[in-house]
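Asker: Dock chain E against the given chain B, drawing on the hints supplied.
Line order of the protein sequences matches chains B and E.
Residue 98 is where the first sequence starts when you use the numbering used here, and the numbers rise one by one after that.
Residue 98 is where the second sequence starts when you use the numbering used here, and the numbers rise one by one after that.
Hints may be right or wrong, so weigh each one.
Identical chains blur together in the list; that is why a pair holds if it fits in one copy or across any two.
As a list, the in silico EDC-like pairs of lysine to aspartate or glutamate whose alpha-carbon atoms are at most 16 Å apart [claimed, not checked]:
no. : residue 1 : residue 2
1   : Lys112    : Asp162
2   : Lys112    : Asp317
3   : Lys242    : Asp225
4   : Lys242    : Glu181
5   : Lys242    : Asp317
What the hints contain is simulated information worked out from the structure, not anything from laboratory work.
Fair warning: this is a prediction, and the values are worked out from it, not measured in the lab.
There are 2 protein chains.
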Amino acid sequence: MRIRLDLSYDGTDFKGWAVQPSLRTVQGTLEEALATALRVPSVRVVCAGRTDTGVHARGQVVHLDIAPESLTGSSGRRGDSPMEALARRLNGILPPDVHVRRALEAPAGFDARFSATWRRYAYRVADDPALVDPLVRSHVLAWPKPLDLDAMNTASRALLGLRDFASFCRRREGATTVRTLTELEWTRDETGIAVARVVADAFCHSMVRSLVGCLLAVGDGRRPPEWAAETLAGRRRNPAVTVVHAHGLTLEEVGYPEGAELAAQAERARNTREAMDD
Amino acid sequence: MRIRLDLSYDGTDFKGWAVQPSLRTVQGTLEEALATALRVPSVRVVCAGRTDTGVHARGQVVHLDIAPESLTGSSGRRGDSPMEALARRLNGILPPDVHVRRALEAPAGFDARFSATWRRYAYRVADDPALVDPLVRSHVLAWPKPLDLDAMNTASRALLGLRDFASFCRRREGATTVRTLTELEWTRDETGIAVARVVADAFCHSMVRSLVGCLLAVGDGRRPPEWAAETLAGRRRNPAVTVVHAHGLTLEEVGYPEGAELAAQAERARNTREAMDD
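Here chain B stands alone, though its shape is the one from the complex:
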């Protein structure tokens, strides 16, 4: 049977998502906890977005395949479903910087990576000393100059749609840099912190952080709003675009279609995206 887990984590003390020998990674930590909880020698999980070192998640999604009988070992409190019992058991094993928000039996055709139709990230910036808050310093970038969000949103709108984002991607051999950027908008949250909401079908490597680096240069007045569209049109990595720090970035949510579309989408994505980052 296939299980879906929804995860949140504080990326500060992880060397990113993907397992690496002798490094503390989210995948490695989760797979170890799963092996313990399910009493099996090893478990492999597949995730929707392989976050880099220091990047956080509130809505990471993974799947794993297990033998149904391995669930019987997870004794639940009275009234817990087997999936609630599994989530509770995992949270008892996991360190405080990773948390299973829920566990579900995955619907037919579900693939955490290939069934996903969109990923949503947030990038958070405190652009005034009065906004800097040590309680959220793990996931908010402090920026020394005030940002003009109107200028940033003008620049952002010129980047939307099906585009070649080569200017904002770290090159990978044989990987396409064409993506559909659906949303890129800056607002201020109730405390005044500037938050970028960034949605695309998928992202290539360092894409959100490069987009944000470009837009911060617009926001603090070093570049005009047109610079974003000009950079995009260049279609090659532009060294003038800074890749901003990972710690301001959080994978917030992953979107999936309903029913039979889960398998159909996975099939399409497997064919077109096998060599892509997400």
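Answerer: Okay, now just chain E, sitting in the frame of chain B:
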């Protein structure tokens, strides 16, 4: 001259506000940074609310008195006022878990402690596994059972007004436990986390954490809403009331009157509250 500083801090790694020999405290850390920034042998600050070990602040207020000439050493960037330069200099010296949000020349009669007319605290609780977020685990309590905020608010309303809060205070010799509780209300923030907004003229020791402990017992169904009023009426520390963990508690804001009332309020408070906690 008297200076007002507005501070935020993550209380996790501090042994509370007040200076203690050889322990890391917020006051001690701030006073050391001020002595360095002002190039003086030592500085003493007075704060609005002496937070306990593990308690956080977003709106702590302090005052300190300095010789005006000690400011001339703080070289500012072009365009910075002397107070902006002082805040920037302090933030360059302070560790990442304490931050000066702003520095101001204090108005006449201002006393961070005695001029204050109200203090506002927040207590945050994630009462569902899906709400637990490692990114905010430093300042949100995880509670294993769902909370009925309506029942908690019914209980809360019975505690408002000028009351003897002895049932919710740790006794101190010669200190009054009479306070005016102006607001005590539970709502859910945009992420679903339960937040208590608690406002009073001042608080006695462990008062917010005891009130919250009482209300959590109402919220998760172990006690009826009337239990809060009954406990208050007992007028002595009730061992059935849990003092909840410090890490969910944040001093959010301190209120001051305008103009001449600053000195008048300080005079009144000095006479009535010298032996009180805040």
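Asker: Please flag the earlier hints that this structure goes against, numbers listed from lowest up.
Answerer: Numbers 1 and 2 - these are the hints that the structure violates, sorted from lowest upward.
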